[in-house]
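Trainee: Residue numbers (the working numbering), protein chains in the order written: chain A, 1 to 258; chain B, 1001 to 1439.
There may be inaccurate statements among the hints.
Derived DSS-like pairs: lysine-lysine, alpha-carbon spacing no greater than 30 Å straight-line [unchecked claim]:
# : chain 1 : residue 1 : chain 2 : residue 2
1 : A       : K96       : B       : K1196
2 : B       : K1304     : B       : K1320
3 : A       : K95       : B       : K1124
4 : B       : K1196     : B       : K1371
5 : B       : K1304     : B       : K1316
6 : A       : K2        : B       : K1316
Pulled from the structure, derived: some chain A residues nowhere near chain B, Cβ distances all over 12 Å [as the list claims (entries may be wrong)]:
#  : residue
7  : Y10
8  : I14
9  : L17
10 : Q90
11 : I97
12 : A119
13 : G131
14 : Y150
15 : M179
16 : P186
FYI, nobody ran anything at the bench for these hints, they're computed from the structure. From a predicted model like this one, the values you see are computed outputs, not experimental measurements. In this text, a Cβ means the ideal position worked out from N, Cα and C, and glycines have one as well.
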Amino acid sequence: MKIIKEIIEYREMIFSLIRRDLRGRYKGSVLGFMWTFINPLLQLGVYTVVFSVIMRMNIDRYYLFLFVALIPWIFFNTCLGGGTRVIFSQEDMVKKIYFPREVLPIAFATSQFINMVLAFLVIFAVIFLSGMGVSLQALLYLPLIMLIEYILALGITMFGAAATVYIRDLEQIFNIIGMAWMYLTPVLYSVDMVPEELQGLYHLNPMTSVIVAYRDILYYKKPPQLETLLNAVLLGILVLGFGWFSFSRLKRRFAEEL
Amino acid sequence: MRSQENAIEVNDITKKFRIYFDKGALLKEKVIFRNRNKYEERWVLNGISFDVKKGEAIGLIGHNGCGKSTTLKLLTRIMFPDSGSIDMCGRVSSLLELGAGFHPDMSGRDNIYINASIFGLSKKEIDNRLQDIIDFSELAEFIDNPVRTYSSGMYMRLAFSVAINVNADILLIDEILAVGDANFQNKCFNKMLEIKKKGTTIVLVSHALGQIEQICERTIWIHEGLIRMDGSPREVHNAYLEFMEDKRRQTLVEQERRQEQQESPSQEESGGEGEEAQEESQQPQKAAEKPVAQRRGSGEARMKHIKSYNRQGEEKYHFKSGEDIIFEITYETYERIEQAIFGLSIFRIDGTRCYGSNTRVDQVKEFVIEKDGKARVCFDHNKLLPGRYFVDVCIARGMDMIVDYLDTVNEFEITGITEEMGFMKMSHSWEVEGGDHVI
């Protein structure tokens, strides 16, 4: 509890780091902040061409089906891969200054989260252009599922950040895991296509429930099932608990290991 | 339990580091080369206890690797002791790293916010201090330019201004007062005194003993992970300097012994090109200790070493202002030299010649030398101000033939506290007309 209080005292540091990250990221590039929108659009373009022209998925408006899952996935994946660098890229700071170490992963995950929220502007634009429309009742669940995903991503970031200080390979390993994880999560395909006997196993993947919920809300325009939400919340809290615990155990020797 | 008047209580802390013989941070190495993960535990702190009262300023000294910086890191909570406890009250600010979190593409003003927030300040607190910080940095006209356009001096000035304006209850500082030009350094120094006056507790790690003497009322000398001495700066520093000098002398003696062992076969033989060549080859070894020493001259005689002594005949390299300094030049002669002249100059560490003279200028008759010998020159009551100095010595033949010239051979330090400026005391007196003394 003491640490929570201290993190709140250092809230300005979290805000500063987020501001620095968001404003500093595209400094010097011609398109600047536009990349936040262009990047997911280009990824969407590639996947759409592959999966609706070459390997046909036979899903109505596949681009939208994919897009509402892809943006949340990119957020999670960035936390998984980029989170590993959070502590040791700030080596100088960690070795020389005291601050609650939790600030760094929190700032990183939050800044990625804000990026996702901004990218949702593009999602809504695409939804309206496609003439699909939205269900307001379903939209009420959107902030909830975003929060759940944030908790999940924060947990992963904290674990990755702390463990990579001790084992540098994790940066590479996590990138590969990220790729495999994407194909094991119903991002490119529908969860119904997964064989019956694997369904149980599939729902142990916290991202499955999250992606299913996003798709329910935005693509099928219906509130997500309670079962899905419950599963996501439970797994999310579990992951955050694990991440937080391992971080607080490992952080004491950061300055010596770096 | 911390008593009311103490700001810091350190109780018997110990700290060990793992020194990996061959550290593999990669997973493969961790798994495959199990035995490579062997490490040696080295104790850096072996049980240190001290209290610092509120508003007290203390200095931590000791030679490199003695554990003083580790102590500071433990106080900062960057690291944690293996045993013992540290109890501190109030906001702690550490000046170990300047400019943390600076982003080169963002303006000076934005960077102030980032940097100050890392010290734990809230937005409101930063708003209140912004003007002070900008004023102190003297960068008002550049404050909205990106930091990458700053010179390194400006960068450090901005960073220091933020750090010094945090208004902590306890300030921990590690050798960083050397920022910017002389003017700004002076300003930083005055600011430190001002902060201290406000009742901030200060812990200062520094090799600049003079600085500690001016700010702190107490010095703790840490030696091999233990407190060796704790007392008034003057007392502790004198003991420390003496200790360091002893150590230096020991290494010199050892080095000489080693050299003699190497030389021994041909040592007894007199003169000759052979020995000279050998001596040449030893030059780098000597040079390792005084890297800038250089020799020139025709070489009929050579100076072996230059030592400095006080009036009591003790070999010393630290003197107080006003103390007698005797330099002794030991030389070897290979060929007879008529009309030999000895000279010596004292330089400040930046290369300014403070004083130089030779036997001819001093109207001492020329010497005829054909044997090895020693030349001594005594400076009564030296008038040098505190600082580091070195000596050039020379043997010449007649007016213009340099036989042997040694550059930067004897480095020594004048210690003491003074606010006088320059490099030498000059006797003087003041008289003011039309003014009365303040009573």
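Trainee: Would you assess whether G131/A, listed as outside the interface, keeps its beta-carbon beyond 12 Å of every beta-carbon in chain B?
Mentor: Non-interface label stands for G131/A: nearest chain B Cβ at 41 Å, farther than 12 Å.
Trainee: Holds or violated: are the alpha carbons of K1304/B and K1316/B at most 30 Å from each other?
Mentor: The hint holds at about 18 Å.
Trainee: Taking C-beta pairs only, is I97/A more than 12 Å away from all of chain B?
Mentor: violated, 5 Å
Trainee: Confirm or reject the statement that Q90/A sits farther than 12 Å, beta carbon to beta carbon, from all of chain B.
Mentor: violated, 8 Å
Trainee: Decide if the proposed pair is consistent with the structure: K96/A and K1196/B, CA atoms, cutoff 30 Å inclusive.
Mentor: Given that 30 Å is the threshold and the Cα spacing comes to 23 Å, the pair holds.
Trainee: Taking C-beta pairs only, is L17/A more than 12 Å away from all of chain B?
Mentor: Violated, since 7 Å does not exceed 12 Å.
Trainee: For K2/A and K1316/B, compute the direct alpha-carbon distance and say whether it is at most 30 Å.
Mentor: Roughly 55 Å separates the two Cα atoms, so the pair is violated.
Trainee: Quick one: work out the minimum CB distance from A119/A to chain B and report holds if it exceeds 12 Å, violated otherwise.
Mentor: The claim stands: A119/A keeps its Cβ more than 12 Å from every Cβ of chain B (closest is about 23 Å).
Trainee: Taking the minimum C-beta separation from Y10/A to chain B, is that value above 12 Å?
Mentor: violated, 6 Å
Trainee: Taking C-beta pairs only, is Y150/A more than 12 Å away from all of chain B?
Mentor: The assertion about Y150/A holds, with a minimum of 22 Å to chain B.
Trainee: So is M179/A really clear of chain B, every C-beta pair being over 12 Å apart?
Mentor: holds, 18 Å
Trainee: Hinted pair, alpha-carbon criterion (30 Å max): K1304/B, K1320/B. Please report holds or violated.
Mentor: holds, 26 Å
Hint compliance for this structure: hints 4, 6, 7, 8, 9, 10, 11 are not met, and every other hint is.
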